[in-house]
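Each protein sequence line maps, in turn, to chains V and W. For the first sequence, the numbering used here assigns the number 31 to the initial residue and increments by one for each residue that follows. For the second sequence, the numbering used here assigns the number 31 to the initial residue and increments by one for each residue that follows.
No lab work stands behind these hints, which were simulated from the structure alone. A few of these clues could be false.
To be verified - Derived, one-sided and incomplete: chain V residues facing chain W with beta-carbon distance under 8 Å: (1) Ser56; (2) Arg122; (3) Thr147; (4) Glu197; (5) Lys221; (6) Ala247; (7) Asp324.
To be verified - In silico BS3-like links for lysine-lysine, alpha-carbon gap of 30 Å or less: (8) V/Lys170 / V/Lys291; (9) W/Lys91 / V/Lys170; (10) W/Lys260 / V/Lys243; (11) W/Lys170 / V/Lys347; (12) W/Lys91 / V/Lys221; (13) V/Lys238 / W/Lys260; (14) W/Lys353 / W/Lys221; (15) V/Lys170 / W/Lys353; (16) W/Lys347 / W/Lys221; (17) W/Lys265 / V/Lys347; (18) V/Lys353 / W/Lys243; (19) V/Lys221 / W/Lys347; (20) W/Lys35 / W/Lys170; (21) V/Lys35 / W/Lys50; (22) W/Lys170 / W/Lys213; (23) W/Lys347 / V/Lys238; (24) W/Lys260 / V/Lys347; (25) V/Lys143 / W/Lys50; (26) W/Lys50 / W/Lys213; (27) V/Lys260 / V/Lys243; (28) W/Lys243 / W/Lys265; (29) V/Lys170 / V/Lys243; (30) W/Lys50 / V/Lys238; (31) W/Lys50 / W/Lys35; (32) W/Lys260 / W/Lys243; (33) V/Lys353 / W/Lys347; (34) V/Lys170 / V/Lys221; (35) V/Lys238 / V/Lys221; (36) V/Lys91 / W/Lys347.
Model, not experiment: these values are computed from the prediction. Using N, Cα and C, we set each Cβ at its ideal position, and we do this for glycine too.
Number of protein chains: 2
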Amino acid sequence: MATIKDIADRLGIAVSTVSKGLNNASDISDETRQMVLDTAIELGYTPKRKKTLINNTAERKVCVFIENMDYENRDAFGYDLIQGFRQSASMRNWQTDIIPSNLNAQSTSQYDKFLLTNRYCGAFLIGFSMHNDYSVQISKTRFPTVLFDNHIQSNPKAGYVGTDCYEGLKLAVTHLFELGHQKIAFLNGAKNSMVSYERTQAFEAVMKELNLKIYPALFEYGYYVPDCAKYHVPKFIDNGATAIICASDLIASGAISEVTKRGLRVPEDISIIGFDDLPFCANLTPPLTTIRQDRQNLGRSAFTLLDCLINHIPVSKFLLRPKLIIRESTCRRQN
Amino acid sequence: MATIKDIADRLGIAVSTVSKGLNNASDISDETRQMVLDTAIELGYTPKRKKTLINNTAERKVCVFIENMDYENRDAFGYDLIQGFRQSASMRNWQTDIIPSNLNAQSTSQYDKFLLTNRYCGAFLIGFSMHNDYSVQISKTRFPTVLFDNHIQSNPKAGYVGTDCYEGLKLAVTHLFELGHQKIAFLNGAKNSMVSYERTQAFEAVMKELNLKIYPALFEYGYYVPDCAKYHVPKFIDNGATAIICASDLIASGAISEVTKRGLRVPEDISIIGFDDLPFCANLTPPLTTIRQDRQNLGRSAFTLLDCLINHIPVSKFLLRPKLIIRESTCRRQN
């Protein structure tokens, strides 16, 4: 791995100047600092963690980038995720900074440089979609990076933490199957998202295992907002669906109102299952049956995984098991 | 979760007698002890770990069951696996006992009872095939259990640690593809093994991604010994294979001798890739190109995963990235 001396040699300047550049010292020109940082990134330099006392957090800093996701109120998906991460990190004497990435548009376009100049040993990324600028950078990053619900191929510095998609769909479909449902619709999340793709694969696999017919008219990609239900639920109903699996609780809440609007009842006419088990699920009418993602433990696991990557253990995937939470939005098929 | 009192109530005996039964006290009858243990298992009782000083290992005991696999010499696959597990465990002040399961045939038929009576908080299982008695028990166990290269559905107490099969086959096939090979044979491991199944899926997926034709005559299941090569390699050669991927280094070593026996050269006539990167690979003639499984880190990760399960984090899968080690058994296609 590149050292400070390599950078100095490449630029033909003193090692002391390089370290000033890396440490944002004020007594060198911005131009030199820029040059040092660019070369550091180019050569793949990453700061070595000093062997410090366990309770000296000076060199033990990681950050969480969060995008397109609320995390400040308890009901938000990101809230427990970050709580869990923070807990595990502080138990191991690591400091965690939270960085809503929209406030860092410019830094996000230079991922490695941002981590380097801010002396972060690694990062946890939440809510980024595969097609944005990040995935390109993450596929090449030399900094330990954990992605929630995203998988980057081949880069041993990037690991994926999430919930086992196959088990999630297996729980949902099997629950409905045991209630006598045959025409099961699936309103998936955003297209072009890795987790949506994996859930589609899982849905098809489980339906086949149970010898249930998959109807193209009973499958759609949506988006993670209640509103998206109104574009697809009517079609599902018209095509005879007696149950709908939704890729998130928010979508499910939209599906419930859509079904009700059409003068049908949940669950008597249409059973509905959500995904996530956010706090509001229990207060919906009817209370929502859903596939629980253990967000607190996902956050804890994200740090465990990051800690592995920081210690050069090339983790590819770290998946937790989901749990079926049965409430009142599903029942035995009536007709 | 069931308590000692539940067991006492169910049997209508004193709590003190139950705890004598669970602790192998000598002043109760074998019959009573048996009864206590059977009821403990039936009710799903698991001993609670006392909150003890971090360096008090009295209640911090786990075990490694190993079957069909050598682990005593440095060249063996199990050796580093167990070293890594032991290291991580002792760093966290856990004691590890190694249990070659053939010496415990009777205990293996009563998995939970064995762990309970020996006061183990959990176990790491290496080398067990899915179709043997174990998988039935593991699917129901209430004890934290980590399986190497095996996945049990739905039981939140059983986690799977291994190497990402898709990435392994992707590295192997892509390497051969870039060397101009088109007719690539795959000599897989034992049929009915989960990892063999996943590798088959991965092989087919990657071949498709690279628009390479899959020839039924160039795919076979074998077994993890050099000898199995002689049953399949001749057929691969007769059907025009210019490269062979083997599911283990041992199989690959057998493939090399088979090719040589037929008067052909490795790699000029046939390129060969192994799997695992065991120490002997570098000393083969020619030195073997292989897909490295990081056994030490797999062992460490196995303990990390077991620690998660012990702390009620329901990990389903924990996969590490493999690495392509290029030596001299592969080269550009000659004809």
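Checklist entry - Hint by hint, which ones does the structure fall short of? => result Failing hints, ascending: 1, 2, 3, 5, 6, 8, 9, 10, 12, 13, 17, 18, 21, 22, 24, 25, 26, 29, 30.
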